[in-house]
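Chains as they are written, first to last, in our numbering: chain A, 949 to 1536; chain B, 485 to 1000.
Calculated from the structure, these hints are not laboratory results.
The C-beta atom is built at its ideal place from N, Cα and C for all residues, glycine as well.
Please note: incorrect hints may appear among the correct ones.
Calculated Cβ distances over 12 angstroms to all of chain A for the following chain B residues [claimed, not checked]:
#1 Gly800
#2 Arg875
#3 Gly900
#4 Ala914
#5 Arg949
#6 Asp955
Pair ranges (Cβ atoms, derived) [as the list claims (entries may be wrong)]:
#7 A:Gly1459 <-> B:Leu935: 20 to 28 angstroms
#8 A:Gly983 <-> B:Ala977: 21 to 29 angstroms
#9 A:Met949 <-> B:Val984: 40 to 48 angstroms
#10 B:Val706 <-> A:Phe992: 53 to 61 angstroms
#11 B:Leu973 <-> A:Leu1468: 39 to 47 angstroms
Letter by letter, the chains look like this.
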Amino acid sequence: MIATAWRVVGVGFSLLVILAAGLLYGVDPQQTAFGGSFVGNDVFITYDLRTDDLTVLLLAVVGVVSACVQLYSIGYLNERVASYTALVTLFTLSMVTVVVSDSLFLLLIGWELMGACSYLLIGHYWERRDARSGAMKAFLMTRLGDVGFLFGIFVLGLGYDTFKISELGDSPISPGALTTGTLLILVGVIGKSAQVPLQTWLPDAMPGPSPVSALIHAATMVAAGVFLIARLYDVFLAAETTLTVLAVVACVTMLFAAFCAMAAVEVKRVLAWSTVSQLAIMFAGLSLGTDDGRHAALFHLLTHAAFKGLLFLCAGVLLHQVGSAAFVVLRRYTRRGALRKRMPVTFVTMTIGLAALAGVPGFAGFFSKDSVVEAAWHHARDGSTVGWIVLVSVCLTAALTAFYCVRLWLWVFFRTPALAGALGAFEDDDPMADLEEPDSSKLHEGSWLMLAPLIVLALGAVGLGYADGLHLNWAIALATTVLAVFGALPAYSLWRRGADPRPVVLEREFGVDPAYQRVLVVPVEWLARLTVGGDRDVIGAYVRATGRAGVLASAGFRKLQTGNVQTYLTAAVVGVVALAILAGVIGS
Amino acid sequence: MSLLLIALLAVPALTAAVLWALPAGTGDRVAAIVGSVVSGGVLVGSAVLWWDLVRPHCPCTYRLESFLGPPPRTLPGKIYAYAETDISWIPELDVRFHLGIDTISMPLIALTALLVFLCCLYSLRITPRAGRTRSLIALLLIIETGVIGTFSALDLVLFFLFFEVVLIPMWLVIDIWGDEHDRAGRRRAATTFVLMTVLGSAVMLLGFLLVHRQAGTFDLEVLGENPVAGGHGIALVAAVLIAVGLAVKMPLWPLHIWLPDAHAKAPTVGSVLLAGVLLKLGSYGMIRILLPVLPDATATIAPYLAGFSTVAIIAGSLACLAQTDVKRLIAYSSVGHMGFIGLGIATMSPEGLAGALYANIAHGIITGLLFFLAGGIKDRHDTSDLRTIGRALYARLPRLSGLLTFACLASLGLPGLAGFWGEMLILLGAYHPGDSLPRTTFLVLMVIAGLGAVLTAAYFLRLIRQLCQGDPADNPATAFAVDVSRIELITWAPLIVLTVLLGLWPFTLLDYWTFS
């Protein structure tokens, strides 16, 4: 009952967001303020709202994706529905707050509420150890970034003498404060969008329910980082150092994450790393510091929301039906294309999603990625080193992306021909095969509630590429296509040979996580024990010693109370004499 | 002369006397009802007083100044007393019975009234196993008188007296109704508490005497007009003595050692009042006495105060990470939070002060709620040891553990809930501290305190992970455990609502504290 009510509220709210986006479309940018209080003479805290093109774009993305996720969840989830749906709704609401806010503080509220919601949702299956630790890690890493973000708000807000986003940049600010402030904001963005060096939480957040992953990766949370920089673009444009840092971070991240995705052995983990990599492409577009770059980044954000949401929902169907999204499990179901034939809609839509991700010509991801490449090329042609770095990295990433997309697609849906002749159990007509074979008769397509969002998002993953008006730079299109083919061919040939080589360094994801464990977590635990010990054995010891000294002293004084009148009298006489002498000495 | 304020002080104390005078056969239930009614009345009275304080007055008393041109650059914490009572009391010692409130003390008085009311309400159904509820209620009411008196005293000696009134009842509450499994432990905790606090207030009294020697008066209003100038010599000694005395109460590292034991061993209502209200006496005293009376000397000691506060934030958080007892953990978290408040006061900036005041209120509400929840968990499992309670509380007590998660998120300073604004403003205050303070020092402290906020998140998430989450199969449900009962819901609901309201709409309170 409560669950149903929450579901209605959740879907209704998403539809409301879409409606708001529709109503605000084409309206002139405007701001409204409510609330407000001075703290001291310099700080004025208000809640301001604003609407402009960026707001409308993000509202539409958030609304559509969250509506899809809410509908899909009705079919996906059967237990703890009420709390889950309420949190997803709150999650959406937080993102909407971030999008419409014109006050840095209001933005921060939405920003961190998202972190809390993601913590609770990633930990939805709290019986599982990996879900517990993944949730905790996600919250702590993003919060670490958020502290930087908060300090950035201080520096920029007091530097510009306003905490209203639309007024930032109006007044002069010292270059030092500008650079410091934007760099600190960037720390928050890096934490939220899981860029290097705070990237490890996102892949570890995968034990959460798949629809939540779709929401986090497509429309909320990680997209908030991209949104924030686009929102504060005027401020960032003035801070050249910050943009360079952003470019370096983005380029390192996109390659790093793409390499990690190439060695991941679970569908959701591959997708998670690919999100990190694709976000980095958006940041790279933003770091160019040109209008084209910003436009391309937002375009990529839009298409990415569609195809990444789609891919996670597809992975959710696989997980729902098969019970696992690991390659080794899924490929047991590939005999005679069972997975494909039993779940045709999932197969087709997932293929579309992967095609869009890989940048197959005609699909949405192809156009948006090309627009980033084109913006980088224009910038590089103007003699910018940053432009060149971005150009090269995005092109390399395009090839790597094609590799892991093809690898994922082939290994999940197709039986490798290499194994067909190798072992009897894999032969199509071997009677023994059925013993090894998992029972695929129970596999079936999800309910229409789960499939409808897939189809909607698949349409988006194809159609959104043309949303920006069709303009194509043939040379760049050709170049990226060739690169994608270069990436896809090795994946295909490896699959044909039944080989899936995973270098150890990639499989361990460059050992970043264990290093953090050693450098941060272990010392903190050690310090914690030290502190408790210090309280008990040092400070506590002083207190106990004081108490014991008091007891001892009283025991000593008690010895004086003998009850012997002569002793008292003698002592009194001695005292009087001593006092008299002392008075005489001092008086003279 | 304000009868309402006097009534707020007198009624609880008189009721306590009546409760003790009642024949011993009177049921505990009756006592709890009387306590609830009276403390409810005090709550209503304080609400009326608050409304009276902030409504527009026509013969403008204190607001007049703000209408006439730009307000003078006031010393934060200086009193613009309302509802004053000022009669000579002990003329030989120059002590006056001087009471009054302003917008700094009023929210704290209301918080006290609310928490005492909720504790009495809670005692209607849930009482410590030691019984003797009648005396417990009477002591709670005495504590209420003492705390409200401290918050409204405008004379240093009167402040000291009310400050002391609170101690003995609290000592008894911990000693008699404390942890029933650990008789020696609760006695030790109570004694440590009372001895350290008495030592602190003795030191503080010495400081007051020095102030009197310098300024010739104990009256806070007069002292606010003519503060003791000079940052050296006797003024400095006085400031150090007062600061140390109040720091014991607050408590600041390394004087916090009484706190974890006292909180952990106290009964639920005792912990709630101890954390929610009593700790605020220290921070309130710093804002009310140190800053306006000894501004220069406070500026001299402010960096040290800030340093100790920052150490408290980090040390408190680290200690929390290694706790295995849920009540002890929440107690240590208070050390960290009070460290934030100390840092805010030490910045001597309007933002830091407003933040400290806001954090005071927020900490009272959130930690009060946390101790209520911890008490609920302890009552259900007969222990507060995490290892004995087991894990997967989400499966066994879904509502209770859901509320615990909410309270933990609020306490770690999640934006949108009450804990955030105080912490944020304190950090902002540290970003640009008062003019006479070394900025670089405070910047470093700000960064460390910010990392402390991450550590705070870490230990609360660890608590949730160890207590609420986990495999239900390993920790089967106990048959007797009931989820949140009705009386618990009624007592906790106001705190929950306030946590959300103060988090979403801070402006009402912040408007009172626009120091310039």
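Hint check results:
1. The beta carbon of B:Gly800 is not kept farther than 12 angstroms from every beta carbon of chain A, the shortest such distance being approximately 9 angstroms.
2. Distance check for B:Arg875 against chain A: the nearest CB is about 9 angstroms away, which does not clear 12 angstroms, and the non-interface claim fails.
3. For B:Gly900, the non-interface assignment is contradicted: its Cβ lies about 5 angstroms from the closest Cβ of chain A, within the 12 angstroms cut-off.
4. The non-interface label for B:Ala914 is inconsistent with chain A: the shortest C-beta to C-beta separation is roughly 9 angstroms, within 12 angstroms.
5. The beta carbon of B:Arg949 is not kept farther than 12 angstroms from every beta carbon of chain A, the shortest such distance being approximately 5 angstroms.
6. Here B:Asp955 does not stay apart from chain A, with its beta-carbon only about 5 angstroms from theirs, under the 12 angstroms limit.
7. Roughly 24 angstroms separates the CB atoms of A:Gly1459 and B:Leu935, a value that falls within the hinted 20 to 28 angstroms.
8. At about 25 angstroms, the beta-carbon gap between A:Gly983 and B:Ala977 stays in the expected band of 21 to 29 angstroms.
9. Hint check: A:Met949 to B:Val984, Cβ distance near 24 angstroms, so the stated range 40 to 48 angstroms is violated.
10. Judged by the Cβ atoms, the range 53 to 61 angstroms given for B:Val706 and A:Phe992 is violated: they are separated by roughly 34 angstroms.
11. With their beta carbons about 40 angstroms apart, B:Leu973 and A:Leu1468 fall inside the hinted range of 39 to 47 angstroms.
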